[in-house]
Amino acid sequence: MTTIWKEPDGEKFALGSIEEQAHWQKEYQRILRAVREEADATRPAERIGRDSHTVGMALPRNDALYKVRGKARYAANIPMEGALFCRFARSTEAHARIRGIDISEAKAMPGVRAILTADDIPADQLLIGTLTDDTPVLAKDHVRYSGEPIVAIAAETEEAAEAACLAVEIDYEPLPMILTPEEALAPGAVQLDPDGNVIGDLKLENGDIEAGLRAADVVVEGSFVTEPVDHCFLEPPSGLAFVDPDGVLTVMVCTQYPHYHHKQIARVAGLPMEKVRVVQTVVGGAFGGKMDNTVECAIALLVLKTGRPVRMLYTREEVFTATTKRHAMKIRQKIGATKDGRFTALDVEYLADGGAYRSYSLVVGGRCVIHTGMPYRFPNSRVHYVATFTNYPPSGAMRSFGVVKVAFALESLIDELAGRLGMSPFEIRRINGLVDGDKTSTGQVIHDVGLLKTLEAIEPIYQERRKALAAQPDDGLKRGLGIACLGYGIGYSGIRNPSTARMRVTADGVVTACCGTPDIGTGSDMSLAQIAAQSSGVGLHRVRVVSGDSTKTDDSGPTSASRTTYFSGNAAYICGQDFKRQFEEAVARARGVTAAQVRIEDDRIVIGNERLSFEDACRLISAEIEDICGYGKFDPEIEASILTFKGNPYPTYVYATHLVEVAVDAELGRVDVLRCWAAHDAGTIVNPTGAEGQVDGGVAMGIGQALWEKVERRDGVILNPHYRDYLMAGAKDVPLEIKSIFIQNHDRTGPFGAKGLAEVSLIPIPAAIASALHDAVGIRPKRLPMSTEYLLGLINERARAAAPAAKAAAGDGHD
Amino acid sequence: MTDCRFTRAASLGEAVDCLQQAGGEAHLLAGGIALGILMNEKLLEPSWLIDLSRLEDLKGIRLNPDGSLRIGAMTTHREIERSAEIAGAYPMLIEMAREIACGRIKNRGTIGGNICLADPQGDPPVAMIALRATLRAVGPSGPRDIAATAFFTDLYTTALTKDELLHEIQVPAQADHTGAAFGKFSARRAMDYSSTVSAAVRLVRDAVSGRISDIGIGIGGAGLIPIWAQATEAALRDNRPDGDALAAMREALMEEIEPIGDDLYSADYKRHVASVILRRTLERAYARAAAVGGADKP
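Order-wise, the sequence lines are chains A and B.
Under the working numbering, residues 2 to 816 are what the first sequence spells out, in order.
Under the working numbering, residues 832 to 1129 are what the second sequence spells out, in order.
Next up, chain B with everything else stripped away, as it sits in the complex (with noise of 0.2 Å):
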């Protein structure tokens, strides 16, 4: 085993300096949970660990009073969960916390650190996708905002430089009559991180017309990234999603997703898989923005 030096950084400047001197060499220590694993198989063996567990400017949970929501790169999923400001504003981040692995990972496990692993099957990545979230990233020259659906660049690969680390995650305030849902499968209840499929989608309703006036949508398990499905939202824009809409949603995603068959399941089922998966929390979603109404609603 090689010697890895360790630093338990003090403050964001001291973390980052540090990535600047290791020159791409160091890796982040936020949960631990992907690098526990790498680790304990010896598939990575750090040679600089810097620990972020320290840094009080990472965490946190913020409701603001425009309705946007601010959550630290180093929240862990449990908070999320649990969080009454997020229950109220944003219960779909509550339904994907609820998916995430187990308790354990929960307690441990950060959404940043979640986020920047960038796994094609992670849960937070999908969510942040379908609310156009903004991921705040800082680095030697300070702050960066990169929009969630420019994160996710290649596999395991995000749009930060090797000297910047993500610092928190801003969720913009949701328009009246937004409803949206997080959808996974798996095919046990416990803890199944091989083979899952997930959907995250965010849609306004016209409250006249019924139709869909805006939507995001982020599909997890179904290739190299977490997935951006434009196409697929484009599909959706301006229709009520029933019959030709639905097709239609159905034939874009085919065309935007690109899973890949392993050894539990072939890449044919897990497209059917997705395009259920969707359908399914689209459903949801919309049922919701047809139930919260909004201020103009009389």
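Isolated chain A, as found in the complex (with noise of 0.2 Å):
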């Protein structure tokens, strides 16, 4: 008898009872939404119309009808016979000597096919990095971490070839361990590198930092802490390379910077750029955490080495253990201000763990250093940042690089300053919020500045919640209100970072634009193909974005630090209008007429009285079409010195206030966030779609970086690689109620006024939640996270701290 599965009632999904599936209902309904829409029409055309004026509508994500059908194609499976699997063996030394690495018995394990040392590398292209080649392939002959690839072996199955790492026997010689930057700088210490100990060492001084602080009326200070985070990408870094019909080693690969790897593997393979390819998969998750070299060289290397194709998939423990994390920090920090709320100095101390090799540490710390004090006027500030190596995992790039924790230091002083001036948390903002005209502490003159109207949209919700919360009935819980604000420049820091895109249109109408930075599960192909769309005047749904691809489009940076709607856009923008001139000029020729008689318009060639459609233009212009390329290069002018950071470190910054509502069982330090408020000032938005999506998803890691993320380490090794013991937040943490606000704001420089997003709406996060910790139950927090047993001690420290003063307050003080 055949056995007929049948359905449970009511439990298509698995996902559990209507009340528990409240939770996901908001994220649920967006997606639907889009997946719908976009699936009712045939094609996009026939909804959105021949429209070019897309830019502002919130239009569906082009990926979201695949990627909810399954149908995105991961590195990890997409089909290709007979690919090998790749793995590594790693490091089970914090710190050691290699003294022999014995890979016989590997070697001769069944479905073994090729093993890699750092022998089998020349010296000289051995050696990666982002700004410096510091990191080996493989390790040669010093680990310093604990998971450090050591030996990377490619087998018939992924078993085989994990089991033949196993077999692989490495005789080390331990060294001293570098646990803390404070080991790291003391006196006679193990040196990790060649160069020593200290990665950076930055400073950046504006005015006079004494005189300020003596023109106090009133200094605060404090110091925080904070730990090592992992990205929590879905999709754990995987690649898959092979050589192409025409001799070019493919490396198809998650990642937000494609052209980083192509240079670095055409260095390590020794071979020409044009005999490299890589492609960009689509990406499960970055957040700055698919930046540097995981699966990439090796897998490269192993192509040449077997040639067969070779695949690798980490699994979610190397991720915890062996790639990139945000950096664990110390913070040291005194403001002062008058009496009547102006702020007179900031004196700023960093010092952070960077890890085993330099990753970005220097990014993040010249980011650090330069919003140090944002978004606010110091007429008076000092800032020093320290980052030194240590026997960890290299810490790296991470959603806001750094600037999360500069926000968490500088926002809850601020909070605390207004207390102690009797000021509301709104008023000590508005006072020192920066304005157009201001100037930053490098000295850049700043426009477009939105952040006085971030805080008007935020403060009638404020009093609103207020008075709500009077009127709370007790259940136990304390319930408070908690504001943050932020500035964020867009782009790379201090350093040009151009971005570029071209436009080709083929015969019978499709509109190819190649945009040099990927979508890396943002959007932003869709975005970019609204911008391009609106700036030619072609419709959008003949636009198709290419991007991710070394062969197709220039090198213009990785996706990060927010910058792709504002320098791809840009770039898109110009393009954009190149390509509808030199459109418009093929036209006039094939015409007879001059170009001015000429123009695009909403998907239509209009010349003199006469409407063509944009299929017939094609047709009348096809002898020359192919000679069309509209070209667009984004180059603003960014420069800011290495030394003193003076100067125009951004073309452009954002400006945001948060509003958090939390509920605390005081009796166990437990936290609830109920409901957030998030204003910004991005510009114009591009796709609200997407927007809101990024609002969401940064307030969700905002709040499992506040209160339970932490990479747990002790003694060189990395104690929670799981999910399960690595608490970030789930679709049962975040608020029900997240409201995005943008305000509307004009960049002058940005396409069509836009600025960019996707960092920034994690950043106040945690500063706010702390604040309305404060609010809430009277504690100052200055850790991340702030954990339940944390947040206890702090509320009996303060319970005890007041009694005695209560008592003798009622006179009860005899004893």
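Calculated directly from the structure, the hints in this document are not laboratory data.
Bear in mind the structure is a predicted one, so any value in this text is a computation, not a measurement.
No residue lacks a Cβ here, since even glycine has one placed at the ideal position from N, Cα and C.
Treat the hints with caution; some may be incorrect.
What the hints assert, rightly or not - Derived contacts from chain B toward chain A, CB cut-off under 10 Å, selection only:
id, residue
1, K873
2, C933
3, M1022
4, D1093
5, S1097
6, Y1100
7, H1103
8, I1108
Combine both chains into one complex, guided by the hints.
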């Protein structure tokens, strides 16, 4: 008898009860809406019509449908006949000399096809890196963290590769470990890098700090500590490499920066650049964690060694123990203000744990230094940032490049200062907040500053919730409100970082826009299509964006630093204008009229009184249509001294004010974030659907990093390399009410006035939660994550401190 | 990867025979939740898996006419959460099932598998201790009844012998004026396995004096095993849950639990959490007992 599986009643997707699903519904509705809209129309054209004016329209993302249908091609599931699987044998020591590597047993194991060690790579091709080539593809004679790759093995199956890795014998001579920056800086400390233990020592001075402190009526100070955090992208690093029929070594990989791998692979493999191609696959989350080399160089070299395709996919444990992390950081900070609330001085010291190699430590450092004090006027400031090596996995880029911690410290102290001065958190920020024409600490004069508008958007909500909380019946929980602000520079810090775009059209009217920076799951391909369409005047439906392929786009830097909408968007805008001009000129030539008589308008070609469809126009100019190639390069003048940081480090800045409402179980230290309002000045919002998704994600990530997330490390080992003991926010922890408010602000330098958004929605959240905790239970947390036990300790400490005072006040102080 | 023998047992007898043949080397597959994790992480490579999914004998929920409850070992957490019979007679078990992990785990995971894993953080074990359930095992020599209070013997170790399996859980009928509640602490709302502390309380409230005449308490996540808090029960018995009794309860609890500090929380913090969660759960159980009344109530 055949068994027919019957779906249990009411459990279609095993998602749980309706009650449980409530937490998911908001996100589901967003996805469902996108999918339905896309599925409803056979072609998006019919839904969007022939409109080219789509900037600002809430559109379904062009990746939604294939993703929910399971058709997205991640590197791990791209079919490839005969692909070998690669795994690393990794260091089990945090710091050691390698005395010997014995691969004889591994070599003899079934299914093993190739084994790669550092000795197989010429010494001058072994080291790679982002700013400095300091990281060996495979460790040679020195390992600097537990988890560092030493041997790469390609075998017929993942199991065979893994078994062979276990059979590799590595003889270590353990060396003393450096586990903290303090140890790294101690006299006589063992040196981890040929250049010493300091990765960077950065300073920024503005005005006269001593005079600023003297001028202050009130000075508040605090020491803050933050722990390392993992990116928690769902798709681990993965790649598939092969040699294509033209003999080009092709590496398909989930990355934020295909051109970086392109250069590195060419160098490591000793191949000319044109013999290497890097193609970005669908990226399952990145957040700064897919900017460094992981699988790329190893699988490329193994393809050359075996002549067969090679695939690699990290395990979750490898993600936690061997990919970059957010820097653990200690921050000492002092701010001074006058009685009427004007800031006079800001003095900050950062000490960051950079891990075993440089990665993006200097970039994080530079950004933290420049953003210290943002988005406020501090006439006098002094910033000192030191990052050192330690024997932990490298610390690298992660959403905001450290600014989430800068904001946590600064916003917390501003809140405290406001309390000391008896001012509202809004008032003190209004007095000191940056406005058009102000100078930042680097001396940059800034424009189109929407900070105060975001404060204005949030303040009435705050007042209304304040009243609602006062009327809230007692349920044993303490409720509180907190705000935090931010200002965030778009793009690389103080270094030119151009982006380019090219647009062509086929005779049947398909427009291809090759854009510089890849879509890493943010929906940027959709936004770039909107910008290119509106700029050129063609309908959005005919624009295909191509990105993330080293053979099809210029190196326009990574998708990071919230730069794609602004930099690549501007490139797409300029390119669209160029395309439009060339197209109009071609039509004019074909018709024997002047170019001024022709224009593309809403996907039609207007020639005097005549209107041609875009397709007809393409046919008309078919002889020269291939010659049309719109080109756009956006390369704003950015310059800041690498020694003093003086100059104009960013072309524009994004601003925000966030408000959160929390409920605290004061007996346990437990916190629920109940509501969140996030007001952003991100300039023009190109696609509100994508923007809202970014904010929801930023808030969720911010809650996790504020309350729970911590890579637990001891003696050179990561103790919690699984999601079961690395706690990020789950669906039930994210407020059902996250309200995105995008204030009207047109950036004069942005494409159609747009700035950028991705990282910033995360940045104020931990600070806003800390501020809400003060409002609720009177404590000032200074650690991230703010664990329940830590918070309970602060609550108890405060109660103890208050007890004698209360007794005395009650006249009960006779003991 | 080593070869693994797989038997989908067609009868309880066959499952027991296999266990006996394997001489302690087999693993029972119920919902496969913990087993799946251990196998995925290669911490366990079973040589023989005995699948219990076809054993109808091990399934189902039955409320007996005398008010007692029978739950088959292979009943899923979801079935318990949604059971109308249980909701009426044993609302505490609904609370317990709600607290378990997440939807997908509730759909697959079984109460028997959870109890036999004997995880100190497990939710069903402490509930069964508080309810004074009987765990019916079956082995080569037939059925054997083990009190839930005596079932958990050491870390991940139960009173089952290596050729026995858990057949069903029998929960005795609840006396009049009984109130029961389940409480759990976790730092985040989404599934949190790492460092939870839970308390299950069942008590009988004397309708006249308001004193607790009978009580059962189980504490989870506060030691090597799900804890039967006997001295804590004694501190509350014949008392109203107020001032002195609560202080005595706390003192007794501190003696009985032995939480282990981990990377998230210190042992001291877990002690504090256990006492708060127990007090709150006790208060809820007591309020319920006062509200339900009993047959002798006018």
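- Query: What hint numbers does the structure not satisfy?
  - Reply: none
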